[in-house]
Amino acid sequence: MPSRSGSRGRRPRPAPEVAAPTAVQVSSSGSSEEGSDEEEEEGSEGSGDGARSPGGSASKYKAAESEAEAEDPCLPSCPICMVAWTADGSHRVSCIPCGHVYGRHCLEMWLLQYGKKKAPCPQCGKRYTQNNIINLYVPEIVVPNNDLEKQVLSLRERNEYLEKQQAKLLEEIKEHKNEFLVDGARVMGIDASSQIILTSGRAHGVSAEHILTKVSMFHGHGMEKIHLPPDTKAIRDICVLPGGHVVFASLGRKLSIFSMATNNVVLQYDLPAPGWSCSGDYTTSSHIYAGLQNGMLLVFDIRQTSAPLHSSMGLSTHPVHTIHCAVDGSGSRKVFSASSIGPCVWDASENRPSLVSGMENQGVCISLACSSPSSDVLVASYRPRVELPDAIATSQASTPQSPAPTGSGKLGCHTLLRRTTATSFARDHICSGSVSELRMSKSAIIPCRDNQHLFAYGDESLYGVRTWRLPSFQRYTDLKPHRQPVLDLRYAESSTGERYLGCLSAEKLQVFTIR
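Note that full-length UniProt numbering numbers the sequence shown so that position 94 is 94, with each residue one more than the last.
Treat the hints as calculated values from the structure; they're not laboratory data.
Remember, it's a predicted structure, so these values are computed and weren't measured experimentally.
Check each hint, because a few of them may be wrong.
Derived pair list, reagent style DSS-like, types lysine-lysine, alpha-carbon separation capped at 25 angstroms [said to hold, decoys possible]:
no.	residue 1	residue 2
1	K410	K508
2	K225	K508
3	K214	K410
Label pairs and their computed distance ranges (CB to CB) [what the hints assert, rightly or not]:
no.	residue 1	residue 2	range
4	G184	R515	14 to 24 angstroms
5	P229	S286	15 to 25 angstroms
6	T421	D183	46 to 56 angstroms
7	G358	P229	20 to 30 angstroms
8	P242	N361	35 to 45 angstroms
9	D231	N263	49 to 59 angstroms
10	R515	P242	17 to 27 angstroms
11	D428	P242	27 to 37 angstroms
12	K480	K225	19 to 29 angstroms
13	P229	L315	25 to 35 angstroms
Backbone N, C-alpha and C define an ideal beta-carbon position, used for all residues, glycine too.
Construct all of the structure, not just a fragment, from the sequences and the given hints.
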């Protein structure tokens, strides 16, 4: 058995006589398609009379030697021929399943000696059939030291670990359990406990009124359309509350409480401006929040019907398009909102919110995801800011129900924010993505096993939901696409642990089960 290292000046050993009946083709994932085809053609021609010719073998050794001499003389050598392996070509570095590394040509000759028998590894003796070796993993790696095998083994172990993690996460999101055709829907909410989804959009017909549609996720009971009071107008946000109630904010300057049992609006608040967002409260079931088009945030107690419990002006007059109510590590309530200037934290003891530190001048904030009920992880999404005349900017802000664009969107970014103190966050990883040029979008953070999280967003280039692993933003998977852009995206979890991810376009509603 040859030693694993040798003098760099030693001449290569003569090629062994080969008496195999056929030549074995060894494919390489590390070589180009043209190179692989050429080598396969050579092997096919060599399976005739010239395959066993020592001259043909010697010519390959000379080629391998000349390639090796052109490389750095400090490179480690092949344990069979003692010639330094190369980054490509016939003597490129090749690793077999046990982790030992040889030159490709030497492996071919080694296999030929054993024909259809199991061939032992020259270093460890582990035997392989030709089927084990026929698709060798051949990394394009050149390491200028004598620890190449350790490097390859380390990479192999790392890849195996990543494959196991991928397999575990692949079990998290299953293929959509159901899919529904919808017409003109724009907003959705998920009642995970009763397995019912609410969608809202404009009805067809002369009146073109805005309606709610109740969809049973899995029982095939069809869709139930519910007419709303005429002054409600377009619903901008839907939030499911405990106890079978739903709150929604609408452009008719209304904040409405809807009963899932009776299909009626049971309580309605008048707002000083069109409503853009709403949320419940994890710490008390009686408080609800409304974000307005003029930048205000209002707090209501549903036990009172006269006026808001508290109101605050925002940092700008831009619409508050997202609200999340969560808790910190001590159990204290935290209210987060987002408008175009960025994510904000609201403090009941102060009249105005504070912008999350480090998020100034990032562009136009179009979405904010929170790992509710915890608030330790946030993801803010941005698109580039385009300076427009005041008249055009005001027109865009007051027309939220504009048709979805049909282009591939704009290159934006998603920024991970991690809590550092009770009131402070730090910017972490950032990834790019295709975002809407006009709409304020929805996104979600999905908790998974082992305290892992996924981030989900309706990617404009896909017309579907793309997910990333957090905190690295390594791309995870793309869910089944739609024919039109995703307009809304929601994650919901029931009190008994069932978890769902829903996404909505103007023509289709999808529901995914998360295991």
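Status of each hint after checking the structure:
1. A threshold of 25 angstroms between alpha carbons decides the hint, and for K410 with K508 the separation of about 23 angstroms falls inside it, so the pair holds.
2. Restraint check: the Cα-Cα separation between K225 and K508 comes to about 16 angstroms, which is no more than 25 angstroms; the hinted pair holds.
3. Taken as a hint, the K214 and K410 pair is broken in the structure, with Cα atoms around 33 angstroms apart against an allowance of 25 angstroms.
4. About 32 angstroms separates the C-beta atoms of G184 and R515, a value inconsistent with the hinted range of 14 to 24 angstroms.
5. One distance hint, 15 to 25 angstroms for the beta-carbon pair P229 and S286, holds here, with the actual separation near 23 angstroms.
6. Judged by the Cβ atoms, the range 46 to 56 angstroms given for T421 and D183 holds: they are separated by roughly 48 angstroms.
7. Between G358 and P229 the C-beta distance comes to about 43 angstroms, which lies outside the given range of 20 to 30 angstroms.
8. Under the hint 35 to 45 angstroms, the C-beta atoms of P242 and N361, about 39 angstroms apart, fit the expected range.
9. For the pair D231 and N263, the supplied restraint of 49 to 59 angstroms is violated, since their beta-carbon distance comes to about 18 angstroms.
10. Here the CB-CB span from R515 to P242 is close to 24 angstroms, well matched to the stated 17 to 27 angstroms.
11. At roughly 32 angstroms, the beta carbons of D428 and P242 sit within the given window of 27 to 37 angstroms.
12. One distance hint, 19 to 29 angstroms for the beta-carbon pair K480 and K225, holds here, with the actual separation near 26 angstroms.
13. Checking the proposed 25 to 35 angstroms range against P229 and L315 shows it holds: the Cβ atoms sit about 33 angstroms from each other.
Checked against the numbered hints above, the structure violates hints 3, 4, 7 and 9; every other hint is satisfied.
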